[in-house]
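If you read the protein sequences in the order shown, they are chains A and B.
The first sequence begins at 1 in the working numbering and counts up by one.
The second sequence begins at 1001 in the working numbering and counts up by one.
I should point out that these hints are in silico values taken from the structure, not numbers from a laboratory.
Note that beta-carbon positions come from the ideal geometry of N, C-alpha and C, so glycine has one too.
Please note that a few of the clues may not be correct.
Here are the in silico distance ranges between beta carbons for each label pair [stated by the list, open to error]:
| id | chain 1 | residue 1 | chain 2 | residue 2 | range |
| --- | --- | --- | --- | --- | --- |
| 1 | A | Pro28 | B | Thr1314 | 58 to 64 Å |
| 2 | A | Arg258 | B | Ala1148 | 45 to 51 Å |
| 3 | B | Thr1314 | A | Leu190 | 27 to 33 Å |
| 4 | B | Pro1158 | A | Glu165 | 27 to 33 Å |
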Amino acid sequence: MKLSLGPLLYFWPRQQIEDFYQAMIDAPVDIIYLGETVCSKRRSLGLAQWLELAQSIKRSASDKEVVLSTLSLIEAESELKTLRRYCDNGEFTVEANDMAAVQLLSEKNIPFSTGPTINIYNAQTLAILHKQGLQRWVMPVELSAQTLADILEQLDNLGIKDQLETEVFSYGHMPLALSARCFTARAHNLAKDQCDLKCIDYPDGLQVTSQEEQKLFTLNGIQTLSGLRYDLFNELPDMQAMGVDIVRISPGSQQTMRLITAYHEKINRAEITASYTVTDPCNGYWYGEPGMLQNA
Amino acid sequence: MMELVCPAGNFPALKEAVNNGANAVYIGFKDDTNARHFAGLNFNDKNLPKAIDYAHQRGTKVFVAINTYPQPDGWQRWKHAVDRASELGVDALIMADIGILDYAANRYPDIARHLSVQGSATSYEALRFYQQNFAIKRAVLPRVLSLAQVRQLAEQSPVELEVFGFGSLCIMAEGRCHLSSYVTGESPNTCGACSPAKSVRWEKTPRGLESRLNNVLIDRYDDNENAGYPTLCKGRFTIARHTFHVLEEPTSLNTIELLPELDEIGIKAIKIEGRQRSPAYTQQVTQVWRQAIDHYYASPENYTPLRQWSEALTRVSEGAQTTLGAYSRPWQ
């Protein structure tokens, strides 16, 4: 089972992004996803700089796979233009996060993968997309281990299980929703048009609690993430047993390296030397329950 | 002429839509195969044929929404829904799942396929995917696009477009929101339910009337406030000790003033939200929109929404206020 580092969902300054990925060159991850997936107004790095970063990671760590991840909600013509440039990069595999990307890639017969915001809920859908060039998919976060097991069994029956890699979002604030509105701007009483790129002040998103101080959501511009952090560390053996190919860790500004190390050790049944603390874990979705619940 | 597509959660609502001038009604089965899987709502094998007859005899089309996403253990149920609706001769199937679209396209090629708003296609490139692979005839656009963006999309769309004209407003891109399953275990995509009624609890407390969803406090109301249904995205939550409608205030979408623009852009149909609402709602909203559309086509240059229309619509609006939603720039 491989380990991947998902695309950075938050908005960080350029230097912080470059330092982060510089450090990740030494991290025991097999796959690194790069690119802006949330908001087209965030321009710490443009596609050219993401590509430079991708190339520099490949130069330093040739055994790592680098994938470009695309914008999740396409609304404007300008965003389609950028999307076309991602899809036509000619060098790196692309993770499609919107059906527009699936279309652009499949019509050019470019093999692709899909992220968690593509609605794949059954094996029939996977089989159709596989014919279009799908090589790897990330399961929507709200699906359970049981559903995944059922899908994998069906893929086996269809004879395509070995031709598709299955990736599970396993650590981090889960991407739950996308909107035309910017909630971070709204929280600052700013219009989306004049948002001042406020997201940059929240390297791990803006916390929303209920009026009883229960952590509910994490705002990240137009994206709403879970308030608690998904953590499937203890479920890694189950995933291995059922045939999950890749485990995804979502980047954060704190302890990502330690997390990766601990996950890596667990996957390889090594002694766990790296420790990390999650004060607000959840894993309900995996057990077919409300996502916010935590099973010991 | 733009088609008026109205909601019918039951037979009485369907009759109201038909009798008040809907060009088409959209309905669903009594299970999780559609995005309004609510108790006491929708049609079963017994009354569906009668409903279709009633509409067809009066020249109204019937669309059936099978627009949630089947997981492996539900596949047969979704397939059966497609079979049943097709055998009864409905005018279109409204679908979102790629597997189900494929099944319908292969098995019943002559029944029109509409891409549901739950399919979440927000660009002409995404629409081209569904058109090329499943020959969809029409797509319902998510309520995230501005009017300028709808115009751009329409210019290059390979299929007919239907947009929402009125009703409750999803603040999130439809088909891509898991807020409800995160808190309750059920979402629109998986169960056809958002903030499901069975998870709702109301409680009078010394601090006010509280609404809870699976025990999470969604809102708390003073005596002089109107309490609304505790939909997750419309709750009052807290950021840095400041409590407000963090995501959205309870409002309804109303685009009646945009009719000329929508027609000029080439929008083929206006959809009214609200299969979960009463027959009286369907009657009221269908009547007003029928008048508005007829009024517009009678004299396009002189179209101005009548005040009584807005008043009638406001009376049935959630939160008793309306907005142009994403169609207007300030909202974005």
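How the hints compare with the structure:
no.: 1; hint: A:Pro28 <-> B:Thr1314: 58 to 64 Å; in the structure: 60 Å, holds
no.: 2; hint: A:Arg258 <-> B:Ala1148: 45 to 51 Å; in the structure: 46 Å, holds
no.: 3; hint: B:Thr1314 <-> A:Leu190: 27 to 33 Å; in the structure: 28 Å, holds
no.: 4; hint: B:Pro1158 <-> A:Glu165: 27 to 33 Å; in the structure: 31 Å, holds
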